[in-house]
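Colleague: This is what each chain is made of:
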Amino acid sequence: MSTIPTIFDTSKPGRLAGGQTPKEGDLTGLPNELLRESKLVLPEVSELQAVRHFTKLSQQNFSIDGNFYPLGSCTMKYNPRGAHRAASQPGFLNRHPLTPAFASQGLLSCFWDLQETLKTVTGMEAVSLVPMAGAQGELAGGLMIRAYHEDCGDFERDEILVPTAAHGTNPATATMCGYKTREIGVAADGDVDIEDLKRMVGPKTAGIMLTNPSTCAVFERRILEIADIVHDAGGLLYYDGANLNAILGKVCPGDMGFDVLHLNLHKTFATPHGGGGPGAGPVAVNSLLQPYLPIPMVGKLDDQYIWLDENYFPLTIGKLAAFMGNAGILIRALAYALMLGREGMVRVAEYATLNANYLAAELSKAGFQLAYPTRRATHEFLITLNREAKDLGVRALDFAKRLLDFDMHAPTTYFPLLVPECFLIEPTETETKAVLDEFVSAMCKIREEAQENADYVKQAPHNQVVRRLDEVRAARELDLSWSGTEG
Amino acid sequence: MLQSIGVKNIDELFDEIPGSVPVANFRAIENSLTEMDMVYRLAERAKRDELGSCFLGAGSYDHHIPAAVWDLATRGEFLTAYTPYQAEASQGTLQLLYEFQTMMASLAGLDVANASVYDGGSGLGEAILMAVRSNRSAGNRKIVIGGAVNPFYVKTANTLVVNQGIELVHVPHENGVFDPKQCPIDDPNVVVVQQPNFFGLLENVDAISNWAAERNALLIAVVNPLTLAVLKPPGEWGDSGADICIGDGQPLGVPMASGGPSFGFLCSKMKHVRQMPGRIVGRTVDANGAIGYTLTLQAREQHIRRAKATSNICTNQGLLVTAATIYMSIMGVSGLRNTASRCHENTRYLVAQLEATGRAQRAFHSPYFHECVLRCVGDVGALTKTMITEHGILAGLPLGEFDESLDDCLLLCATERRTHEEIDHFVELFNRTLKEG
Chain Y
0 MSTIPTIFDT SKPGRLAGGQ TPKEGDLTGL PNELLRESKL VLPEVSELQA VRHFTKLSQQ
60 NFSIDGNFYP LGSCTMKYNP RGAHRAASQP GFLNRHPLTP AFASQGLLSC FWDLQETLKT
120 VTGMEAVSLV PMAGAQGELA GGLMIRAYHE DCGDFERDEI LVPTAAHGTN PATATMCGYK
180 TREIGVAADG DVDIEDLKRM VGPKTAGIML TNPSTCAVFE RRILEIADIV HDAGGLLYYD
240 GANLNAILGK VCPGDMGFDV LHLNLHKTFA TPHGGGGPGA GPVAVNSLLQ PYLPIPMVGK
300 LDDQYIWLDE NYFPLTIGKL AAFMGNAGIL IRALAYALML GREGMVRVAE YATLNANYLA
360 AELSKAGFQL AYPTRRATHE FLITLNREAK DLGVRALDFA KRLLDFDMHA PTTYFPLLVP
420 ECFLIEPTET ETKAVLDEFV SAMCKIREEA QENADYVKQA PHNQVVRRLD EVRAARELDL
480 SWSGTEG
Chain W
0 MLQSIGVKNI DELFDEIPGS VPVANFRAIE NSLTEMDMVY RLAERAKRDE LGSCFLGAGS
60 YDHHIPAAVW DLATRGEFLT AYTPYQAEAS QGTLQLLYEF QTMMASLAGL DVANASVYDG
120 GSGLGEAILM AVRSNRSAGN RKIVIGGAVN PFYVKTANTL VVNQGIELVH VPHENGVFDP
180 KQCPIDDPNV VVVQQPNFFG LLENVDAISN WAAERNALLI AVVNPLTLAV LKPPGEWGDS
240 GADICIGDGQ PLGVPMASGG PSFGFLCSKM KHVRQMPGRI VGRTVDANGA IGYTLTLQAR
300 EQHIRRAKAT SNICTNQGLL VTAATIYMSI MGVSGLRNTA SRCHENTRYL VAQLEATGRA
360 QRAFHSPYFH ECVLRCVGDV GALTKTMITE HGILAGLPLG EFDESLDDCL LLCATERRTH
420 EEIDHFVELF NRTLKEG
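Taken in order, these protein sequences are the chains called Y and W.
Per numbering that gives the first Met the number 0: the first sequence = residues 0 to 486.
Per numbering that gives the first Met the number 0: the second sequence = residues 0 to 436.
It should be emphasised that the hints constitute simulated quantities derived from the structure, not laboratory data.
This structure is a prediction, so every number in the text was calculated from the model and none was measured.
Be a bit skeptical, because a hint or two may be false.
[Unchecked claim] Derived lysine-lysine pairs resembling DSBU-like cross-links, with alpha carbons at most 35 angstroms apart:
1) 46(W) with 299(Y)
2) 180(W) with 268(W)
3) 22(Y) with 46(W)
4) 46(W) with 180(W)
5) 7(W) with 249(Y)
[To be verified] To spell it out: a stretch of chain W is covered by chain Y in this simulated footprint if at least three of its residues, at any positions, have a beta carbon under 8 angstroms from a beta carbon of chain Y; those stretches are:
6) 72 to 82
7) 221 to 235
8) 256 to 266
9) 281 to 292
10) 302 to 308
In this text, a Cβ means the ideal position worked out from N, Cα and C, and glycines have one as well.
Bound conformation, chain W alone (with noise of 0.2 angstroms):
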């Protein structure tokens, strides 16, 4: 090979980088590792972490993934192909993401759907700028936050947006939910909802919608997707319905894994289309007429359109979709919306347990979907140690450092996986921690 190439040697083949330029030092490096001693020494670290029943959520959730999700997903032909460029080489990939478009737009009860954004918290900041973009007659850029949006979303968003002129609005949740009339402008351009809030509520989202409407501010719906099985879609709310839905697909089928790889997706009415970000595949014919599958509305994107672009995203989730899309086909519409209500049942059951050992009340009244906040009699931050040290189980979220009001609080969740008697155990932990504590 140096021979065809015409050097001595491959040191030859850098000889335009300049001497001036230091050799890198790569002595802090270690020599290699064979496969073996390098998962060795992983799964060692990996088994430190192991940890019991997890009751916690706030936006990353324990649900059973069927064991076919993640054998079919890590196939190398979707494992290691790459963006669908030459969509006559990636017809596999590209119609899965047109599947899972469609199925995204029916469970946000929208037109469309892209083929994901990076998660959930990043999706907000994607979801408002798109907003911005689509508003333009609004005369400002004020963006109002409703009430309990989950917060490690907002402040994302907030990195994302603020070098654009805009301003998040933050309105204080009213009993653990948004009330408009406590918004104090009366002209924002657009308004953030979540349903289930982060505190597991449910907004009143009809009257929401109205009166974002009334005011021509578009409306970002941030959801749980396993939950619209059973809940309202966004597309639905009040009159007009949502203009665009984002939230997290860890639910659909991704596993935890300290918060990522997951997916974000964003779906919207058709009007908004092309302001949206990332990818949007399209289904299309060949030139035999066959029906065939591309990526479509490519005007919008940063390697087309550079500066204009609607964003500089291109690399996207797309394993986790995949995943996602798998999962939603297995599990189906009897799956999806049994997963969904054998969670609000065992929260429920949770709660009910919990508040019967008089050492914990539900901190708010609106109706709940899988996570609730209980206040506790006791220390919630010495309790959650106590129940990792001793019992290696995750009791939840302490919310004092959200919101000093709720110091005493624990945001708590009950998936599928959940069964009556590992959280008769935990309510038994749970009781006597706060006892002897």
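Looking at chain Y on its own, in the form it has when it is part of the complex (with noise of 0.2 angstroms):
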């Protein structure tokens, strides 16, 4: 395989797909001044040059479909076809977003299951499907602590406490939310330092962002310690939900101490990561937050479904998205808890820690270092690379380009950044004992070929449509749109 020419150099001026260019409109009412007289820059190509264009470009990534994903934290597992089908149909995709909700119960009935469904799984009180990633699901929850803290008169708090291995987004998030991030510190066996906490936490503390399992792939055993010295000090729980998949159907959020949280519906309830999105981010509160939710949200009155707009949720933060998020993901997802029913929620996270347990126990046999051999693992855990650094001088990213060649894509490196050299492996539960056996021989092979010849590795990937690229060269001499020219 080679690089693609761009789309830009095989068009041709004046070349169109014939069959899908309508008629020209008349403009000649519009005042011109107002109309186009640059050029556009947009392709003119046949259908068939599109479609084998793109067909080609597809066939240059890594997928779920194609490739073991064990990327930490985002839970690559299989994303069910009859999910997508059942989501694709048209009363689905040609519904306007402001058709009323006289004319809208089957979507709404499809919401409404949603949010019972999400209540269980997280055992909170109310659920809003509206925000539209993670990310925003977490923005929505700092506003919601926010709007709870200044409801009760309480202006002082400007404080949100993440641990130092928190994921990227929960720092930035309380940024967008007006607040200042203080780090508390990750123990020696990956639960958060209580102590430190303790020091931290007083009547400046907002809340308080984990997630559990941690970004350190291990259950925080103290976290109902936790919430009772958060709540005590009068600042509230925030669960960003990325590692749900490892406790679904075994304990509730809720049940933890928590305030309030989002779930990645396209990690947890595998929906397509779509090469970066989308996904949605619903929220869940307990009592407490209630009243603040996003707005919409579905209710039922009479046997109608309806919207929950500003009229019922008059102290909502407000609204997220210009209509109802990614109404079709949530569609994907209810799909999804549709098919795994109870029994096979729990399943989810037994088989998922089961695959990772197994994955840690084998690479451990083999001789990597786990970041913490005295705990269990997750759905997830933390090797270190740090002595094959050392010893061979081949790093975890060297490590991470080779296993490309093995047809594998990385796991998640450098993450989270106290563990050096790391790698955390996500193998889901839907992958087979042989997939999991043929990642350790990759390892130990990797490691092999480091031995005899380190450069070979650090040169990595081989066997990619291209070597290794010049980061450094991509930020310095930016080069963000075709401009005609080769570069």
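Relying on the hints, combine the two individually framed chains into one complex.
Modeller: Quick look at the structure:
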């Protein structure tokens, strides 16, 4: 394989997909000074040329459908096609977002069912499905925490606590909510440093953002104690649902003292990641925060489903999307939930945890170093390639790039930052033992290669469409759009 | 597997969860359905919501989508990939995004586009935050919302910016359009104007752009990307052009689908690029000097900058961008131009026919593009309800809830999909319903 010319390189002036070109309309009534004169840089190709170009591009992607994709914290499990099919029916696809509720009972009933399902799954009081990604769910959560404190007449709280290992979105979200971030340490066993938390928490604390299992891939064992400490100080607890897959059907965030959370439906509920979205990040809250949920939600009135807007929720933090967020993703998540059912949901957590613990055990036996060897793996686990980096000069990045040559996507690398040279590995429940064994073999093989010829691994990948890319040049000599000249 | 781990059963793997946390109670969740039964249940619901002709726009439009667009976009390699962190294993998505950025920047007449934000509404919020960061020398954080900017976008943007000390100053429309002379403040930090505006009217964008520039305010253009195939691009408005352009990409090959998923796009002048939120793809070379693509300028983003990032956004709307890029490639220059001009002509035909009934009249006199506000003789709320219940037709958006002076007005749209026969039929029903009503 080789790099594919851009579609602009194959373009020829005047060429078009005839069957896709409607008859030109009359623009003579519009003022000339408001019309476009400049050239439009769009491809001029036949339909087949376009189809072939994008087919070829797709073939340059790794994907769940084609590859093991153990990207930690991203839950790259199988995305059932049935869910996609169910959401792609004309009644759903062709519905205009401003169609009144009385003519949208089918869709609203789906949203209602999903709200109810997520209430059970999280153990919370109420759900809003609007946020369009995990990060937007976090933002909604932060804004609700703020609204709550302000409603209580408490304007002094301007700090959000996050563990040093937290997802980058947590502090970024805090900033967007107008909060300062304070980082709490993580103890040697991967749990939050309780003493550090006690030192940090106080009358300035608006809340704490936690993931459980944590970003260190272990279950936060003293979660109830943490909840008490933060609540006693008047703060609220935010649950980042990125790792919910690990505890689905086992325990609920609502029972761990959390006041508000988001779910990542594109993780736990298997909606397709789409090359970076769309996702969906519904928020769930306890009764304290219910009045502030983002609108709209779906309610029931005399057997009719209705939209709950600011008339029902005057204290809402407001709208987060022009319409109802990523409605189509919500339908896919409902379809997945229906197919899993009660027993399937528990099986998700069990098999995900089984697969992760097995892979961790096998890698450990093969001589790789677990970051938290005394701890159970959750749905994912961390290894550190620090020793390989020191002894062989081959870093986690090099292992990651070389794994691609074994037709496997790399795990998440260099996150969390506090574990040096780390891989965060999440095999998910939908992989077979054979695939996990292949991964262990590939890791061993790469280590052997590194022992024989470190440079070979450091120059990986060797069998991909491109070799290692010059990212420094990409950032220094910005080339962000095609200008007609080869780069 | 259990043996290898050294446990007797799966339950042991959960032994770090303290016993004091109650076991989850999932009794309320029903038993699993097969795919067949699940599809049957949801198909019945989807069927209930099926309607006929759509004359409603207001931010979501019923356009033709070539069959190839979604056949290609839902190939597993696009559908089930993730954010292209491992560039060498994601060249397909990355090159596609580079091509997308090129197309969007060209449509907007600006230098650079990002790889998408969630939707038009949240995109406006991100654009305002970006503009305020970029215009730090301004003495305040006041944002002028000029006239008829999509009210759903403004409400959404307000949620996103209000906690950062930013104030939105609404300037009511004057005969449907933005008149800067009505603006109560003379030193805005940022000015937002929509073209065509929420009422479908064309704003005097050259004059507005110059007005903003004279006050050292940055200009954010809210646009419908399809219309840019024939309308003057924001980068060419007035003497210096808009600074930032945002909008919703739904008209570019994305089904209405209840408003989402769609995608927001964000373009700007190069000088603002470091304040841009979201993913940006750059072209570079590999170790052999061959062309390749990678995420770039990541120092703006949350996973590097954490609390100092330009936004918390990470996942965006990749799959919709994939569809839009394929759509624009298949449609090309002629396809996009003709679709846009056909929408305009169809809407003019619709308006002329409705006016000919004597029961509707244009509310404003500025030129309009493919949506138009009509003042009707009769109850527009009852009309739209009857049209749905009796004829399955979406007859436009009653505007009373947005502006009391427009409570007898409908916002209507006719895309390229509406035939003259459909329009004639609609006009006849419209006339009859209002007559009987």
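Colleague: Would you mind marking each hint as holding or not holding in the structure?
Modeller: Hints, one by one, checked against the model:
For the proposed pair residue 46(W) and residue 299(Y), the alpha carbon gap of about 20 angstroms is at most 35 angstroms, so the pair holds. Distance hint between residue 180(W) and residue 268(W) is fulfilled; the C-alpha atoms sit about 27 angstroms from each other, no more than 35 angstroms. For the proposed pair residue 22(Y) and residue 46(W), the alpha carbon gap of about 32 angstroms is at most 35 angstroms, so the pair holds. At most 35 angstroms may separate the alpha-carbon atoms for a hinted pair to count; residue 46(W) and residue 180(W) exceed this at roughly 50 angstroms.
Distance hint between residue 7(W) and residue 249(Y) is fulfilled; the C-alpha atoms sit about 18 angstroms from each other, no more than 35 angstroms. Residue count for the segment 72 to 82 of chain W with a Cβ under 8 angstroms from a Cβ of chain Y: 10. That meets the three needed, and the coverage hint holds. For the segment 221 to 235 of chain W, the stated coverage by chain Y is satisfied: 7 residues place a CB nearer than 8 angstroms to a CB of that chain, which reaches the threshold of 3. Counting residues of the segment 256 to 266 of chain W whose CB lies closer than 8 angstroms to any CB of chain Y gives 6, so the stated coverage by that chain holds, three being the minimum.
Counting residues of the segment 281 to 292 of chain W whose CB falls under 8 angstroms from any CB of chain Y gives 11; the rule of at least 3 is met. For a cut-off of 8 angstroms, the count of residues in the segment 302 to 308 of chain W with a CB near a CB of chain Y stands at 7, and the three-residue condition holds.
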